[in-house]
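Chemist: Listed here are the chains, written in short residue letters.
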Amino acid sequence: GDSVTQMEGPVTLSEEAFLTINCTYTATGYPSLFWYVQYPGEGLQLLLKATKADDKGSNKGFEATYRKETTSFHLEKGSVQVSDSAVYFCALSLASNTGKLIFGQGTTLQVKP
Amino acid sequence: EAGVVQSPRYKIIEKKQPVAFWCNPISGHNTLYWYLQNLGQGPELLIRYENEEAVDDSQLPKDRFSAERLKGVDSTLKIQPAELGDSAVYLCASSLDQTGEQYFGPGTRLTVT
Numbered sequence: 001g002d003s004v005t006q007m008e009g010p011v012t013l014s015e016e017a018f019l020t021i022n023c024t025y026t027a028t029g030y031p032s033l034f035w036y037v038q039y040p041g042e043g044l045q046l047l048l049k050a051t052k053a054d055d056k057g058s059n060k061g062f063e064a065t066y067r068k069e070t071t072s073f074h075l076e077k078g079s080v081q082v083s084d085s086a087v088y089f090c091a092l093s094l095a096s097n098t099g100k101l102i103f104g105q106g107t108t109l110q111v112k113p
Numbered sequence: 001e002a003g004v005v006q007s008p009r010y011k012i013i014e015k016k017q018p019v020a021f022w023c024n025p026i027s028g029h030n031t032l033y034w035y036l037q038n039l040g041q042g043p044e045l046l047i048r049y050e051n052e053e054a055v056d057d058s059q060l061p062k063d064r065f066s067a068e069r070l071k072g073v074d075s076t077l078k079i080q081p082a083e084l085g086d087s088a089v090y091l092c093a094s095s096l097d098q099t100g101e102q103y104f105g106p107g108t109r110l111t112v113t
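So the protein lines, in turn, are chains A and B.
First residue of the first sequence: 1, per this note's numbering; consecutive thereafter.
First residue of the second sequence: 1, per this note's numbering; consecutive thereafter.
It should be emphasised that the hints constitute simulated quantities derived from the structure, not laboratory data.
Among the chain B residues that face chain A by a calculated CB cut under 8 Å, a handful are:
id, residue
1, Val4
2, Thr31
3, Gln41
4, Gly42
5, Asp56
6, Leu91
7, Gln98
8, Thr99
9, Gly100
10, Gln102
11, Phe104
12, Gly105
13, Gly107
Cβ pair distances, simulated, as ranges:
id, chain 1, residue 1, chain 2, residue 2, range
14, A, Ser58, B, Gly40, 22 to 32 Å
15, B, Leu96, A, Lys56, 20 to 30 Å
16, B, Arg64, A, Ser14, 38 to 48 Å
17, A, Glu69, B, Lys15, 41 to 51 Å
The beta-carbon is built from N, C-alpha and C at its ideal position, and this holds for glycine as well.
Just chain B, with the same shape it has in the complex (with noise of 0.2 Å):
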């Protein structure tokens, strides 16, 4: 079975460029989270998804972070424009259910310069 999957591993942008983050989750896992970790710190969550539906962006930037699952499978983060804090890793994660046990992917290191 394939695991989470996520693209790309690596990117380097500029500030104030546009940058996005995709992940395919492991098949018929309805939960979706993306998660934020900086560099010696734990993961801290971004946005839940259960299938379309957004239920928990309570600790997104909304003012420059989007997300979105359209389909109830892959989910794409974006960020514009993006500044220097957000260098950090992006991970994705899904779940089959909400018990807490959740697969990660490898997540995208973003550097912002």
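Looking at chain A on its own, in the form it has when it is part of the complex (with noise of 0.2 Å):
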């Protein structure tokens, strides 16, 4: 069936490093996919999305490429802040069109200054 998996975490950085944290699905059709955020106390937060192969989504100095061909769709942000320590979640929206998610089960990034 229709999933996504996120690598493990947590993922413990320090401020202005690297990040990249993965997401590959598996899907029938051609899904959309999403990166969204959960900080601490608060609701899931849309980051960024990508509808069809090879788009790219930004927003907040978050980027993702949408790759049909490894079925990927992997985070990357080029500095890191302490304020970026949340939880990330990829997920998928199936081309039916119902707008139902199927979500990875969640990164956890702790930013350290």
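Dock the two chains into a complex; use the hints.
Modeler: In structure tokens form, the structure reads like this:
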């Protein structure tokens, strides 16, 4: 069935380090892909999205490119800040346009000053 | 603009007791979702509403869970009777369309003792 797999956490980085959080997916058809972020005590927020192959989503210095050939949507940021500490969820929405999201298990990022 | 509102934020009950969660979506959002999030996992869809109609409740355990959205705005999710395994965070989300961009509330953390 359709699924999303993320790298295990927690990921611990020093401030200004480069971030990569890996995400791969399995889906029938051509899904849209998303990264959601959950800051402590808050609800999930959409961080970025890509709707077709080779699209790059970007927001707040984060980027992810929809790679159909490797079924991946890895999240990257060139220089993380302490305020980026959160749980990051990769998700897909099926092309049948139901709006249903399938999430990965989440990756916790801890950034130390 | 107010976000998705959920109450209560925390609930502790004994097993076999009933419990209800309330959600008020963003104004104008016709689609409303209830998700279950277990510790260390991503959210899993329980039910999706389009206005008053439950269009996807395939993952809702109907023997003990029920939901309603009577006027197409607020929604209530109920569990009766609660079991120890129901301890989790219950998330409500809403959206304007079916593209996968959803707005989440802060969730209700349920503890069943």
